[in-house]
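Enquirer: Protein chains in written order, with numbering that gives the first Met the number 0: chain B, 0 to 354; chain H, 0 to 284; chain P, 0 to 283.
Just so you know, the hints here were simulated from the structure itself, not pulled from any lab data. Ideal Cβ placement from N, Cα and C applies to all residues, glycine included. Be aware that one or more of the hints could be misleading.
Chain B residues, not near chain H, derived (Cβ > 12 angstroms throughout) [unchecked claim]:
{"hint": "1", "residue": "96"}
{"hint": "2", "residue": "100"}
{"hint": "3", "residue": "337"}
Stretches of chain B that chain H covers, calculated by requiring three or more beta carbons in the stretch to come under 8 angstroms of a beta carbon on chain H [to be verified]:
{"hint": "4", "stretch": "66-76"}
{"hint": "5", "stretch": "166-177"}
{"hint": "6", "stretch": "209-222"}
{"hint": "7", "stretch": "348-354"}
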Amino acid sequence: MMKSFFGLLGVTAVIAGLQAETAIAQERFDGVTLRVGTFGGPWRDSQANIIAKKFEELGGTIEFVLGSPQANMARLIASQGTTPPIDMIEILDANLPVMIELDLLMPIDLSKVPNTQYLAPFQYDEMKVASWATQEGICYNPGAYAELGIDAPTRYQDLADPRLNARVIIPDINSGGGLANFAALAYAGGGDGENVAPAIEMIRGFGPVGFWMQGADLVTGMQTGDLLAGVSHAGWCIRAKNAGVDAAFVHPIINDDVVGVSKDGWLGIVKGTPNYDAAVWYVNEFIDSVFQSDFAAVSGVVPVNSISLGELANDPILASMMELDPAAIATQLRIDYSTVDIGTWSDAWNRGLTR
Amino acid sequence: MTARWHLLLIVPFVVVFALTAASQFVFIERSLYEQRSFGRVGTELTLINYANFLTDRFYLNILWNTVKVSALATFFTLLLTFPLAYVIARMRSRWASVLIAGVVVSTFVTIVIKVFGLRIIFSSNGAVNRMLISLGITDRPYTIIGTEEGVVIGLMHFTIGFGVLILYSVVQTIPRSLEFAAQVHGASRLRTFWRVILPISLPGLVAAALMIFNMCMGAFTSAALLGGGRVLTLPVLIQRTVMMETKFAFGGALAAILLVCVIAINLLSIFILTRMVSGRRKVLA
Amino acid sequence: MSGPRRPLDFGRWALLAWCAFSYVFLLSPLVIVLIGSLSGGEGDYAAVVFPPETLTLRWYGRIPSDQWQALGVSFVLGTVAALVAALIGIPAALGLVRSNIRGKFLMAAIFRAPLQIPAVVTGFAFLQLYYLILRGTGIELPGTFAGLLIGHVFIGIPFVVGAVTAVLQRFDTRLEEAALILGASRQRVMWRVTLPAILPGVYAGCLYAFMVSFADVPVSIFLTSSSTTTYPVALFFALENDFNPAILASASVVIIFSLAMLLVAQRLIGLDALLRSGGGGGRG
Numbered sequence: 000m001m002k003s004f005f006g007l008l009g010v011t012a013v014i015a016g017l018q019a020e021t022a023i024a025q026e027r028f029d030g031v032t033l034r035v036g037t038f039g040g041p042w043r044d045s046q047a048n049i050i051a052k053k054f055e056e057l058g059g060t061i062e063f064v065l066g067s068p069q070a071n072m073a074r075l076i077a078s079q080g081t082t083p084p085i086d087m088i089e090i091l092d093a094n095l096p097v098m099i100e101l102d103l104l105m106p107i108d109l110s111k112v113p114n115t116q117y118l119a120p121f122q123y124d125e126m127k128v129a130s131w132a133t134q135e136g137i138c139y140n141p142g143a144y145a146e147l148g149i150d151a152p153t154r155y156q157d158l159a160d161p162r163l164n165a166r167v168i169i170p171d172i173n174s175g176g177g178l179a180n181f182a183a184l185a186y187a188g189g190g191d192g193e194n195v196a197p198a199i200e201m202i203r204g205f206g207p208v209g210f211w212m213q214g215a216d217l218v219t220g221m222q223t224g225d226l227l228a229g230v231s232h233a234g235w236c237i238r239a240k241n242a243g244v245d246a247a248f249v250h251p252i253i254n255d256d257v258v259g260v261s262k263d264g265w266l267g268i269v270k271g272t273p274n275y276d277a278a279v280w281y282v283n284e285f286i287d288s289v290f291q292s293d294f295a296a297v298s299g300v301v302p303v304n305s306i307s308l309g310e311l312a313n314d315p316i317l318a319s320m321m322e323l324d325p326a327a328i329a330t331q332l333r334i335d336y337s338t339v340d341i342g343t344w345s346d347a348w349n350r351g352l353t354r
Numbered sequence: 000m001t002a003r004w005h006l007l008l009i010v011p012f013v014v015v016f017a018l019t020a021a022s023q024f025v026f027i028e029r030s031l032y033e034q035r036s037f038g039r040v041g042t043e044l045t046l047i048n049y050a051n052f053l054t055d056r057f058y059l060n061i062l063w064n065t066v067k068v069s070a071l072a073t074f075f076t077l078l079l080t081f082p083l084a085y086v087i088a089r090m091r092s093r094w095a096s097v098l099i100a101g102v103v104v105s106t107f108v109t110i111v112i113k114v115f116g117l118r119i120i121f122s123s124n125g126a127v128n129r130m131l132i133s134l135g136i137t138d139r140p141y142t143i144i145g146t147e148e149g150v151v152i153g154l155m156h157f158t159i160g161f162g163v164l165i166l167y168s169v170v171q172t173i174p175r176s177l178e179f180a181a182q183v184h185g186a187s188r189l190r191t192f193w194r195v196i197l198p199i200s201l202p203g204l205v206a207a208a209l210m211i212f213n214m215c216m217g218a219f220t221s222a223a224l225l226g227g228g229r230v231l232t233l234p235v236l237i238q239r240t241v242m243m244e245t246k247f248a249f250g251g252a253l254a255a256i257l258l259v260c261v262i263a264i265n266l267l268s269i270f271i272l273t274r275m276v277s278g279r280r281k282v283l284a
Numbered sequence: 000m001s002g003p004r005r006p007l008d009f010g011r012w013a014l015l016a017w018c019a020f021s022y023v024f025l026l027s028p029l030v031i032v033l034i035g036s037l038s039g040g041e042g043d044y045a046a047v048v049f050p051p052e053t054l055t056l057r058w059y060g061r062i063p064s065d066q067w068q069a070l071g072v073s074f075v076l077g078t079v080a081a082l083v084a085a086l087i088g089i090p091a092a093l094g095l096v097r098s099n100i101r102g103k104f105l106m107a108a109i110f111r112a113p114l115q116i117p118a119v120v121t122g123f124a125f126l127q128l129y130y131l132i133l134r135g136t137g138i139e140l141p142g143t144f145a146g147l148l149i150g151h152v153f154i155g156i157p158f159v160v161g162a163v164t165a166v167l168q169r170f171d172t173r174l175e176e177a178a179l180i181l182g183a184s185r186q187r188v189m190w191r192v193t194l195p196a197i198l199p200g201v202y203a204g205c206l207y208a209f210m211v212s213f214a215d216v217p218v219s220i221f222l223t224s225s226s227t228t229t230y231p232v233a234l235f236f237a238l239e240n241d242f243n244p245a246i247l248a249s250a251s252v253v254i255i256f257s258l259a260m261l262l263v264a265q266r267l268i269g270l271d272a273l274l275r276s277g278g279g280g281g282r283g
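Looking at chain B on its own, in the form it has when it is part of the complex:
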C-alpha cells in the first residue's frame, strides 16, 4: 500500500525461496492480541501490511501502540506495577541502558529467532535484537560545492570552510540523529563519550545556520538553496535527491580505523508480557528479509538483514548514499550508551550552543 520512495526493488520473488522455514511456522496464536510499541505513519503501515497479516493467518491480532521509542518507554515507566501496555517494543540505542537499568526488559529466547543467522554477531544478544540502522553523515550539494571551488567533504571538519558559513545545518541534540552525530563529532575531534568539548568547539567553528528538529528542514533548506550541506542520516539525503536537489552523501572519516556512523534501532521484549511467545515470533519476523527490504525502502533506513542489504544494492541512488557492505557496516562508529550519561551531553550542548 505505502509506496516505496526508492522505487521498485524487484527481486523479492527469488528471495522468497530462501526464507528459512522453521518449526515456528507451525505455531499458532489463536486469540492472542500482541501489542507492538512502534512509530506511526509509514513505519507502522509496512508492519501492518506484512507482519500483522501473517500473524492474523496464525489466528492472532496485532495492536500497535504508536509513539516515539521515548514516549513508549515513558508508557512502560508509568505502567510499572500493572500489566504492561506493550509486549514488544522498539528501542533507540541511547535509551537501551535506561530500559535495562529500570528493569523494563526480559531476555529473548534466541533459539526461536532463527533469522538472527542473517545478522552480524554484534547485532543481537540475550536482551535485544537489532532492527534497523540509520547511517549518519554529511549530505551536501556537489554542484554548489564545485561552483564555489570547495572539495567534496570527507570529514565533519570539512564543514568548517568559511565559504559554508551560515549555509550548514546540524541536527539538534534532541532530534533523530542528534545524539549519534554529536558523539561522532566528539570522537572525530579527538574526544570521546566522556569528553564532548571537541564536538561543541567544532560545531561553533561551522557557524551553522541552526539546528534541525525535523529532517524535512534539511530537505527544504537544500531545495531553496539556503543550505549547501547538512549533517543527517542518508535517508534524508535520498529524499532531497528525489526532490530534484543536487545531493550527495558522505560517510565521514572519524579516525584512521573508523569510517561512517551508525545509529541502531533495537527490539526488546517487555518484562511481564502475557504474550511472550508471540513477542518472540514478532522479533523474528521483523528481521525477516521480506519485511526488512520493504520496510527499509519505505522508511529510509538501512536494513539489518544481510539478504536485504544485498537487494538494496541494486538500487543506484540508494547504493550511492548508503553503505550496504556488512563488513564495512560492522566497523562504523557505534556509541556505547551504557558508559555515558547523556544528561551530561545535553547539558554541555545547552550551555555551549544555545543562547
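Put chains H and P on the given structure of chain B with help from the hints.
Expert: The following block gives chains H and P in isolation, referenced to the frame of chain B:
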C-alpha cells in the same frame, strides 16, 4: 447583586484542582528525590533538584528568557489583534464572519505545518528577504528560525487566533452609542479609540493578556520548532530533560518551578493593575 | 465601519492597513501550504517543491487512510471536550467575577494552571495518574477515549473561563438589576439576560477549546491508542520520517474543510443577524 455566586465555583474548582493536583502530584513528588543518571532517583527526600536550579545562572537565564519571549509575544499579539477584533466587531457586512473564519482556520493548522510556510517565506530567496534587501534594510538574508524573534513569531501564531476571538467578544459588549457620543462631540476616531474604547475594554484586555501570556509560558511545539535548538525556553528544556535524558525527578522540579513562577506573575500583575486602575475607576473589582 | 464619515480619515486607513497586515501575517504560511500541496514531481516519492514547477491534484488521493479516520476522532473529541469544558468553565467564570470570596485571584490562577503546565508534562502526568487509578480501582483509562477526553477537557477549561471572564467583566450589571426590579426571578434573569449576554464569550471559549484540542500533539501522544489516534498525532507520525506533498495536501484538506464548515454554519445559523445586533455571535 449579592446572590451566592461563590456556590457556582465549588464544582468547577474541585474538578480543576483535583485534576491539576492529582496529575502533578505524581510528577512533582518525584522531584523531591535526587536525580541520578540512567533514569535512577535517590531514595531520600531532598530539595537538591530545586537548589540546583536556583543556584545556576544558566537555568535562571532560561527562566528569564521564557518570561521575556512570552511577554513580547503577548504584547505583539494584542497589538495585532485588538485593532483587528475592533474592526471586525464593528463591521456591518457579512464579510465580518468571513474574516473571523479566516482567523479560526489559521489556528486549525498545526504549527508543525505552518513552519514549512514560514521557512519558505523567510528563505534567502523568499519574499521577505527579497523585499528587505531591495529596500536596503539588510544586505544579508535574514532568517527567523533559531532566533528569539522567530520564537516570538511562533508563539504569536499559537495565540493570535485566541486573541482575536476573545477581544472580538469583548468589543461586542461595548455599546456603539458610546462611540457615537464621543464622535458627536467632535472626537476623532483615533481619539475615540484611545479615550473611550481602550479604557472601557481594559479589564477584558487584561484577562486576554494573562491568558495569552500563560499559553506562551507553557508552549512547547512552536517554541521548539522556531527556536531551532538555539533558543531554549523552559518548556523546551523540560521536554528534553524528561523525554531525552529520562530525568523525571529534575524534570518534575522544572515543571513545578515553571508553574509557581507563572502563578506568581499572574497574581503580581493583577495586583499591580488593580492598584493602577483603582485610582481612576474600579474596574477590576 | 460605521459612524460619522469624514472625507479623509487617516486613522481609519491606518487601522485598515494594520488589519490587512495582521491577516498577511496570519494567513501567508497557509497560502504557501495550499500551493505546496499542488506541487508535481515524478515517482511515488517526491519531496515538496516550492514554488511548484508543475501542478497536480494527485497528492490529495494519496492521503493515508489513517489520517482520514484520525480526522473523525479529532472532530468528535474536540466537540465533546469543548462542550464539557463549557459546562465546567461557565459557572467558574460567573463565580470568579461575581462572588466576593477571598482568595479569588488565587482561584483564578488555578483555573488557568492547565495552560502553564507544559503540554508534554500534562500528557505524561495524566498517563501516570491513569495508571495510579488503574492500580487502585481497576478503572481503565490509559489508551481509552474517556482518558483522552479528560485530558482534552483539562486543557480546554482555561479558555472557556478566560473568554467568559473577559466578557463578564465588561458586562453591565444594571441590565440584570433592571430585570430584577421589573419582577423577574433570579433564575429567569440568569437564563434570559445574563447567559445571552455572555454568549459571545462562551462561543469564543468553546471554539478555542475545540481548536486547542484539534491541534494538540504533546498531550494526546501519551493518551491515544491506535484506535483513538487524533489527527495531529497521525500527521506528526507521518512527518517523523517523511515529508511529501501528501502531508501538505492533508493539511490543505483541513483548511478547506474547516473554512467551508464555518461558512455553512454561518449561513445556517444566521450569525450575521447576531453580529448586526451586536448581541452575540463570536462564532463566525
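Enquirer: It remains to establish, for every hint, whether it holds in the given structure.
Expert: A quick look at each hint next to the structure:
no.	hint	result
1	96	violated (5 angstroms)
2	100	violated (4 angstroms)
3	337	violated (8 angstroms)
4	66-76	holds (count 6)
5	166-177	holds (count 4)
6	209-222	holds (count 9)
7	348-354	holds (count 5)
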